[in-house]
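A.B. asks: Note that the protein sequences, when read in sequence, are chains A and B.
Counted from 1, the first sequence has number 465 at position 465 by the numbering used here; the numbering is strictly sequential.
Counted from 1, the second sequence has number 267 at position 267 by the numbering used here; the numbering is strictly sequential.
The set of hints was computed from the structure by calculation and includes no laboratory data.
Keep in mind that this is a model prediction, so the values were computed, not measured.
Where a beta carbon is used, it is the ideal one built from N, C-alpha and C, also for glycine.
Just so you know, nobody snuck in bad clues.
Mimicking BS3-like on lysine-lysine, the simulated pairs with C-alpha atoms at most 27 Å apart in a straight line are: (1) A:Lys-31 <-> A:Lys-120; (2) B:Lys-108 <-> B:Lys-3; (3) B:Lys-219 <-> A:Lys-120; (4) B:Lys-217 <-> A:Lys-474; (5) B:Lys-429 <-> A:Lys-248; (6) A:Lys-480 <-> A:Lys-355; (7) B:Lys-97 <-> A:Lys-248; (8) A:Lys-120 <-> B:Lys-189; (9) B:Lys-322 <-> A:Lys-248; (10) A:Lys-253 <-> B:Lys-429; (11) B:Lys-217 <-> A:Lys-480; (12) B:Lys-420 <-> A:Lys-223; (13) B:Lys-3 <-> B:Lys-97; (14) A:Lys-141 <-> B:Lys-420; (15) B:Lys-508 <-> B:Lys-492; (16) A:Lys-124 <-> B:Lys-188; (17) B:Lys-219 <-> A:Lys-124; (18) A:Lys-253 <-> B:Lys-97; (19) A:Lys-141 <-> A:Lys-120; (20) B:Lys-3 <-> A:Lys-248; (21) B:Lys-219 <-> A:Lys-141; (22) B:Lys-97 <-> A:Lys-223; (23) A:Lys-355 <-> B:Lys-217; (24) B:Lys-429 <-> A:Lys-223; (25) A:Lys-382 <-> B:Lys-219; (26) B:Lys-229 <-> A:Lys-31.
Covered stretches of chain B (chain A as the covering partner; in silico rule of three or more C-beta atoms under 8 Å from a C-beta of chain A): (27) 83-91; (28) 95-103.
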Amino acid sequence: MSKPMPMKGPGGRSGPGGRKINFKVLGRAVKLLFSFYPVLVPIAIFCILFAAGVASVPAIFQQKVLAVIEAYVKTQDVTGAMGEVFSLILILVSLYLVSITLITIQGQLMAYITQGFLCKLRRKMFDGMQNLPIKYFDTNKHGDIMSHYTNDIDTLRQLVSQSLPSLLQAVIVVFSVMFIMLWYSVWMTLVVLVGVIAMFFVAKVIGGGSAKYFIRQQRSVGKTEGFVQEMMNGQKVIKVFCHEEEAKEDFDKINEELYHDGFRAHAYANMMGPINGNIGNILYALIATVGGILLILDVPNLSVSGGALAVSVVVPFLNMTKQFTGNVNQVSQQFNQIAMALAGAERVFALMDQKPETDDGYVTLVNASVSEDGSVSESEIKTGHWAWKHPHSDGTVTYTLLQGDVRMSEVDFGYEEGKTVLHDVSLYAEPGQKVAFVGATGAGKSTITNLINRFYDIADGKIRYDGININKIKKSDLRKSLGIVLQETNLFTGTVMDNIRYGNLDATDEECIAAAKLAGADDFITRMPDGYDTMLTGNGANLSQGQRQLIAIARAAVADPPVMILDEATSSIDTRTEAIVQRGMDKLMEGRTVFVIAHRLSTIMNSDVIMVLDHGRIIERGNHETLLAQKGTYYQLYTGAFELE
Amino acid sequence: MLKRLLQCVREYKTPTILTLIFIVLEAIIECLIPFLTSDLINRFGEDGVEMNSLLKIGLLLVLLAILSLGCGGIAGFTCAKASAGFAKNLRRDLFYKVQDYSFENIDKFSSSSLVTRMTTDVTNVQHAFMMIIRIAVRAPLMLIFSVIMAFYMGGFLAMAFVVVIPVLVFGLLLVARKAMPAFRRVFKKYDRLNESIEENVRAMRVVKGFSREEYEKEKFGIAAEDIRKDFTRAERLVALNSPLMQFCVYFNMIFVLSVGAYLIVRDGGSVLGVGDISAMLTYGMQILMQLMMISMIYVMLTMSGESMKRIVEVLEEVPTLKSPADPVTEVCDGSVDFNNVNFKYSARAKRNSLSDIDLHIKSGMTVGIIGGTGSGKTSFVQLIPRLYDVTEGSVCVGGVDVRKYDVEVLRGSVAMVLQKNLLFSGTIKENLRWGNENATDEEIEEACRLAQAHDFVQSFPEGYDTYIEQGGTNVSGGQKQRLCIARALLKKPKILILDDSTSAVDTKTDAMIRAGFKKFIPETTKIIIAQRIASVQDADMIIVMDNGAISAVGTHEELLSTSEIYREVYEQQTNGGDDDE
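Turn these sequences into a full structure, and let the hints steer you where they fit.
C.D. replies: In structure tokens:
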């Protein structure tokens with residue numbers, strides 16, 4: 001009851017009513033729960049069932065105690081009455097003791113099971129997610145992915161820890177109480193049932209209205225959030241243009257809308273309680289009256305027990321009525337909770353069911369030693385040389401030295417079927433060459449690099465790496481041999497050192513520092529208060545964009561791959577700093593095959609080959625001098641007649 | 001803190017008070033109901049039933065239930081109104097307050113934290129408010145009333161509560177006090193876990209690029225297990241509430257039943273009736289339920305305390321910039337004077353962001369500023385429209401200290417295109433009118449021509465009515481920059497500041513924009529921060545900034561010979577180009 005739930009934003013809640021239970025998802029969730037805890041879950045269920053059973057029993061004993069007293073009043077047999085009363089109470093006490101023990105065990109178990117379930121589920125989701133192709137992350141909003149881990153998991157926590165146990169419990173109580181009621185009197189039970197149906201009806205009508213407005217409220221909340229977000233991001237622009245009053249006006253409109261929808265949604269929801277509670281009260285009076293009438297008129301009682309109606313039956317019946325309506329109320333409330341949680345579970349399962357990235361590659365990367373005659377063999381220890389280990393179908397294994405020779409021939413590709421973004425692209429990069437891509441946004445520059453490391457698979461054509469079709473290379477090994485630095489730098493929470501080491505987990509501190517020096521990052525890192533031990537949080541929020549890029553470059557440098565992909569890696573570094581970084585970059589690129597995408601032509605002028613891309617086709621290729629001499633697109637870009645995005 | 005929050009109730013005082021009144025009425029009625037029901041039961045005498053009085057009481061009971069339903073319904077309605085209104089006012093106050101913030105205030109809060117405060121935190125406080133006015137009054141009231149009734153009806157039987165209530169209160173408090181800090185810690189960890197997931201999702205290309213999937217799984221596994229342990233510990237504490245509650249319920253039942261039975265038998269049913277026992281049981285349940293409710297409210301309030309604190313933090317932040325009492329309301333020309341200015345962003349900063357700036361710009365001049373990241377270019381220009389106040393010295397515009405102007409007047413005359421420029425969702429025209437609400441279509445077109453934006457706007461199918469998506473994602477960076485310049489031009493400013501505002505514009509267009517400035521707005525002082533030397537080399541005055549100070553001032557030719565930094569940047573940007581021409 002008093003469980004302090006994590007407070008959810010309005011996005012996580014919804015009004016009662018108007019939802020259906022998805023039994024397929026429920027079944028899967030329950031099955032998962034059992035598979036995680038095949039012993040504990042049944043024990044917990046036993047505890048819940050027994051405790052619920054005990055909860056409905058007191059009515060019987062209460063009735064018995066009262067019956068004994070009633071009998072005493074008639075016969076005045078004190079000793080017999082008291083003896084019977086105390087033996088009854090003794091049974092009650094022992095039942096209660098068992099019940100409390102079970103409830104305690106159940107509570108402790110459920111806490112353990114719920115958290116274990118969530119933890120395992122989270123890990124399953126996360127592990128599955130790591131194996132998903134990049135496409136999933138490119139096509140789903142990050143906010144949506146995140147909400148599976150926050151909102152959806154929260155609703156599941158509610159489901160496992162509260163909704164399911166209390167539903168189970170309430171259902172047991174409802175059935176056993178109903179049985180006891182029928183045991184005593186069918187007529188009065190019928191009256192109770194009519195009242196309960198009325199309760200359901202009211203819940204449906206009001207719940208429906210409430211659900212409608214809760215959906216509207218959710219929409220308004222989204223709108224408000226969007227507006228506030230835009231305004232807060234642009235707050236400085238607002239100040240510069242003295243636009244505060246207009247912003248306030250716009251806000252007032254949206255805020256008023258949210259108020260209206262929120263007010264209506266809660267008004268409906270708030271009325272549920274008093275209405276259902278008082279239907280219970282009215283029912284109480286009704287049962288008392290009906291009971292009285294039945295007693296007076298001495299109507300023949302119809303009951304399972306066959307016993308006659310007496311005051312000692314009507315009185316506990318009244319209490320049972322309360323218990324019954326209370327639990328029915330609870331069931332109807334849990335219903336909505338469960339429906340909501342199952343919607344969340346469905347989304348969680350959908351994430352878990354996503355098809356993982358397939359990897360049929362069998363060519364792996366191994367340490368290699370090169371003998372004097374030039375033949376390559378596998379080595380147990382780190383040699384500084386790497387080779388592709390290529391097992392063939394006839395059982396033989398060949399080794400090819402890792403050099404960084406990349407060739408694409410006649411490659412076609414599209415992110416979506418039918419929409420080709422690369423047409424017939426052929427190119428080659430010999431070991432140690434620097435290949436640059438130039439072109440407008442959407443021309444396909446980044447797409448080419450996405451294909452080389454197999455973030456996406458090509459539709460047609462071939463890509464060979466050191467003469468091996470990249471489809472045959474194990475993805476993780478292929479990517480290990482490629483270093484990438486992207487425009488949008490992503491750093492992780494941890495120290496600067498941790499972030500650099502991400503490129504090569506085995507790197508020593510010295511190697512990391514050397515890499516930072518190479519990237520030109522050492523200077524600013526050592527000037528920070530904690531140097532390499534400075535904690536970075538929030539994607540390096542305490543660093544400038546340029547500094548983040550320098551760390552990303554150092555991270556790629558420590559991996560020491562033969563092939564590097566630099567996608568706008570220095571775009572956020574100002575020209576003056578770039579001059580300094582450039583030296584490091586040049587050193588970094590030495591002896592490696594490098595693919596460069598850059599906005600500033602000054603960064604790529606010294607490339608061995610420059611490809612000018614337009615709408616997914618290579619329209620010009622050559623080095624800086626030959627391209628200028630052509631007086632084509634590159635020439636126009638260089639002289640500033642074109643704007644690059 | 002609470003006082004400041006409660007100020008937001010304002011026009012919703014009436015529904016708030018109505019809620020309280022009707023809740024009290026409902027509570028009273030609800031307490032009367034068991035009294036009546038027990039009376040009802042007592043009508044079931046040993047010799048059958050007195051039908052007349054039974055019907056009377058039954059009818060009364062139904063009436064009371066209807067009355068209680070009415071009160072409860074009205075209270076639910078007014079409560080929804082009051083709490084939704086309270087939340088509305090809270091949001092409004094927050095938003096309005098932020099509008100009064102200076103840049104310094106804005107820097108203090110990240111924009112995403114302000115968004116959370118205006119949405120999630122307000123919702124939390126709204127729910128707490130609803131809880132308070134619905135339950136916080138009702139629960140103690142019902143508790144007291146039930147206790148009184150129990151003693152009145154049950155006499156000695158009510159002694160059970162004397163034992164049970166302290167046990168329950170003590171137990172619940174103990175659990176809450178132990179569990180709450182545990183939960184707070186766990187939630188913090190939980191937030192961090194979610195942040196790290198988000199980090200992972202965002203950095204998926206890096207993770208996959210370095211083949212770090214297994215490493216990430218392991219890292220996540222450790223964090224998830226850690227949270228599981230802490231969470232389990234906290235939840236297990238809370239799970240003690242349920243058996244505690246059950247214990248009290250059972251204790252009460254057994255006490256009432258056994259002692260009640262004994263009393264009836266002893267007195268032969270003359271003092272205590274069978275109905276009294278049943279009423280006692282009902283009151284017992286009610287009392288325990290109310291205690292449970294109170295402990296729930298206690299927990300909820302403390303949990304939303306964090307949200308309250310965060311909201312009040314925003315509300316109580318004092319805007320650091322204000323127009324003076326007797327402001328100057330006209331800017332006479334576009335001259336700018338920096339008199340021995342020192343500036344740092346916050347009093348706590350160790351180093352000045354700008355030091356010893358002494359510079360005088362005549363009205364109508366074109367001034368270029370060059371310098372590396374962190375050299376103080378942006379800080380320098382932000383002082384002109386008084387986005388920040390100087391720490392020492394003074395900045396004068398049109399010969400008058402900027403602190404003497406009405407802020408709105410000053411900023412109306414000093415147009416600044418920020419480095420992090422932004423368009424808002426809405427049509428192009430709506431965006432441009434930010435510069436001047438009453439601008440005619442002709443004026444808008446003219447400004448766009450000057451900013452070299454007219455041609456591309458015309459090329460859109462819907463021209464000036466083209467809808468700009470949030471964040472301006474449907475126009476290119478260069479187009480966005482040109483629209484932002486046009487927006488600033490519509491102010492018809494005396495001083496125009498471009499903070500690296502043409503970086504994504506090609507050099508040719510960039511040159512055309514500058515040529516247009518020279519030709520059409522010659523009286524306007526133009527201050528241009530740029531990365532490209534080409535953007536500033538024909539300025540009347542070029543300032544080279546380094547490390548928060550002016551390193552050199554002069555024309556292009558002068559600086560080539562006097563400033564090493566300038567020369568270095570120039571050469572870096574032009575090498576290669578020179579070889580071929």
